[in-house]
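Asks: Order-wise, the sequence lines are chains W and R. By this note's numbering, the letter at position 15 of the first sequence is numbered 15, and the numbering carries on one by one without gaps. By this note's numbering, the letter at position 50 of the second sequence is numbered 366, and the numbering carries on one by one without gaps.
Any given hint might turn out to be false.
[Said to hold, decoys possible] No more than 27 Å apart at the CA atoms, straight line, and that leaves these computed lysine-lysine pairs for DSS-like: (1) W:Lys-54 to W:Lys-225; (2) W:Lys-130 to W:Lys-277; (3) R:Lys-469 to R:Lys-553; (4) R:Lys-469 to W:Lys-233; (5) R:Lys-396 to W:Lys-225; (6) W:Lys-277 to W:Lys-3; (7) R:Lys-403 to R:Lys-444; (8) R:Lys-571 to W:Lys-233; (9) R:Lys-571 to W:Lys-225; (10) R:Lys-403 to W:Lys-233; (11) R:Lys-553 to R:Lys-571; (12) W:Lys-130 to R:Lys-403; (13) R:Lys-553 to W:Lys-225; (14) W:Lys-3 to R:Lys-403; (15) R:Lys-527 to W:Lys-225; (16) R:Lys-553 to R:Lys-444; (17) R:Lys-469 to R:Lys-396; (18) R:Lys-553 to R:Lys-527; (19) R:Lys-403 to W:Lys-225; (20) W:Lys-3 to W:Lys-130.
If you're looking for bench data, these hints aren't it; they were derived computationally from the structure. Remember, predicted model here, so these are calculated numbers, not experimental data.
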Amino acid sequence: MLKATILRILVIIPSIFVASIMIFALVYLIPGDAASSIAGPEATLDQIDALRAKLGLDQPPVEQYFTWLGHIFQGDLGTSFVNNANVADQIALRLPITFELALWAFGLALVIGTITGVVAAIYRGGLLDKIILRLTGLGLAVPEFWVAMIAIAVLAVQLGIFPAVGIVPWSAGWAEHLRSIFLPSLMLSIGGSAIIARITRNSMIEVLSSSYIRTEWALGLGRGKIYSAFALKNVSIPVITATGLVLSQLLGGTVLIETVFNIPGMGSFIVSSALVKDIPAIQASLLIVVLLVMLLNLVIDLSYRVLDPRTIGARR
Amino acid sequence: MRDPSNLMSSANIVEVDGLRIVASSDGTPLVDGLSFSLPRGGSVGLVGESGSGKSLTALAIIGLLPAGLAASGRVNVVGKNVVGMTKAELRTMRGSEVGMVFQDPFTALNPVFTIQAQMFAVLRGHAKSSLSRTELRRRATDALLDVGLRDPKAILEKYSFQLSGGQAQRVAIAMALIPEPLLLIADEPTTALDVTVQDRILQLLEGLRAKRDFSLLFISHDLAVVARMCEQLCIVKDGQVVESGETTRIIADPKAAYTRLLLESVVDFSALREE
C-alpha cells in the first residue's frame, strides 16, 4: 500500500516534465512572431531583431526551454512581454479566484450529480429517471457559456437575482461574495453535474442489482440502511474515479465562463495573454493549471485507494 | 391474504401451490405451476438441472425475484402468502422468518465493508433495543464461533476477498443465522467451493440444524448432496415438480423417468442405496 502510494506520487515527476515540454513547444505552434507583434506594425526589422534578442527568442528552442525551466525552479515565472509585469504576481492575484470558482463548481457538480443519479437509479425506467436522463443529455451537449449567457440575461439582467458580471470580493461581505460567485459556479458545473449524474446512475443500478445487495435484502435490512449505509459506498468508488475527469473539464471550462462573466481569474488571463501573444504569461499559467490538475488527480487517486479496500491488494 | 385454508396447514412452514414465474417482457414461463410443502422443522431438497427454476422458487419464497420477473400463485411462509406482500411485510419476514445462503460467498458479501461492519448491521437491524459496541462484538464473535471459525477476531477485521471460500461461506451462514430464522434456504451453498471444503460446509449445516432446529430448504443440482441433507426430495424439471416424496423412497424406487436419469448420473450411488 505504502509502496504503491509512493510510486504513484513519484510518477507525477516525469509527467510534469513531459507537460512542461509540451506547454513550451505549444506556444511556438501559434502562428506569427511574438517579437514582431509586440514591436507593432511601425517597427523596423532592426528594431524587431533587437527586441527578439532582448526577449531571448533568438536562442535555439532547446536552450530557451532550459533557461525557462531553470527560472521556474527558482520561482521566477518570467516577465510579461506586453506590460513588463511579473507573471508570478499576476497569477498569484488570479489563481485564488479560479480555484474558488472551480471548487464551488466541483462541489455543486458532486451534490447535483450524485443526488440526481441516485434518484434516477432508484426510479429506474420511471418518469423521474427519464426526465433526469434527458437533462443530463442536454447538460453534456449544450455549451456552458451559451447557457451562462441566457442565465445572465434572465436571472441577472431581467430578474436581478444575481449580479451580471464580476465577483464581489470576500472583504465586501460573505453573503454578497457568495451571491456573485453562485451563478458562474452553477454554470461551470453543468457538464460535470451531467457526467457525475450519468456515472452515479449507472453505478447505482449495477450495485443495486448485485449479489451482495441481494444478500443484504435477504438478511431483512431496511431500504434506508441498504441504500445509505452500504450501496452509497460501493457507488462512490467509480464516481470518485470519474471526478478527475470532471475536475480537468471544470478547469478548462473556466476559460469560457470567466470570459462570459468577466471574472479576473486564470481562464480570462490565459485568453487575454493568448490574444496578445504574451508567451511567458501563457506558458506560466498553462503550467500552473496543468500542475493543479495533476495534483488534484493525485489526491483523487489516493482517496480512491482509501475507499476501495480491494486496491490494497493483500490477499489473506 | 387471509385464506382460510392457511389455518389447516400450520404444520407446514412453507407451502408452495401452483407457483408460476414468468418473464414480464414476453410472458415466458420459467416456473410453471410448481407445488411442494416443507413441514415445520423438516428438510426438503429441490433437485434439478440449472434453469429448472429451483433457484427462482427459492427467491420467490424470500420475496427477492429479480426485476422483470412476475410471480403468481400461492407461496405461503408461516401461513402468509409472500406473493402480494407489502414491502414492510417482506422486510419483517426476511431474515427473522426466512434466511438465505447463496452459491458464491464472495459475491454474496459486500467487498468494500469489513465482515464486522456487515455483521454489526445485521445485529443492529434485528436487535430489539440498541446494542453497545462490546455487546455487538461479543455477539458477532459468538456467531462466528458457532460456524466453526476459530479466530473470529481476525475474521471480523477482514474483507470478504481476504477470506478463503470456506471461511467466506461460513461467514455468510453465520450472518443468515443471526436473526434466528425459522427456515434456512441454502441455494447451492457448496457448488462454488473446493470438494474438500464442500463436505465440511455440509457437516456444519447438519450440526447447526441439530442444534438450532431450523427448517431447511436445500437446493442443488447434485442429488447425492441433497439426499444426504434432506428428509424429503422434490425433483424439479422445466419449472415443475416431476416427483416428490421421502428421500429413502425416491432413491429406492424412483417413479419418474427423469428421477431415474438423475440417479444414474450419480457416480457412486450404490453405497447410498444400500443404507
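Asks: Evaluate each hint against the coordinates.
Replies: Tested hints:
no.	hint	result
1	W:Lys-54 to W:Lys-225	violated (69 Å)
2	W:Lys-130 to W:Lys-277	violated (47 Å)
3	R:Lys-469 to R:Lys-553	violated (44 Å)
4	R:Lys-469 to W:Lys-233	holds (24 Å)
5	R:Lys-396 to W:Lys-225	holds (25 Å)
6	W:Lys-277 to W:Lys-3	violated (44 Å)
7	R:Lys-403 to R:Lys-444	holds (20 Å)
8	R:Lys-571 to W:Lys-233	violated (52 Å)
9	R:Lys-571 to W:Lys-225	violated (49 Å)
10	R:Lys-403 to W:Lys-233	holds (24 Å)
11	R:Lys-553 to R:Lys-571	holds (14 Å)
12	W:Lys-130 to R:Lys-403	holds (25 Å)
13	R:Lys-553 to W:Lys-225	violated (38 Å)
14	W:Lys-3 to R:Lys-403	violated (48 Å)
15	R:Lys-527 to W:Lys-225	violated (31 Å)
16	R:Lys-553 to R:Lys-444	violated (42 Å)
17	R:Lys-469 to R:Lys-396	violated (39 Å)
18	R:Lys-553 to R:Lys-527	violated (33 Å)
19	R:Lys-403 to W:Lys-225	holds (14 Å)
20	W:Lys-3 to W:Lys-130	violated (45 Å)
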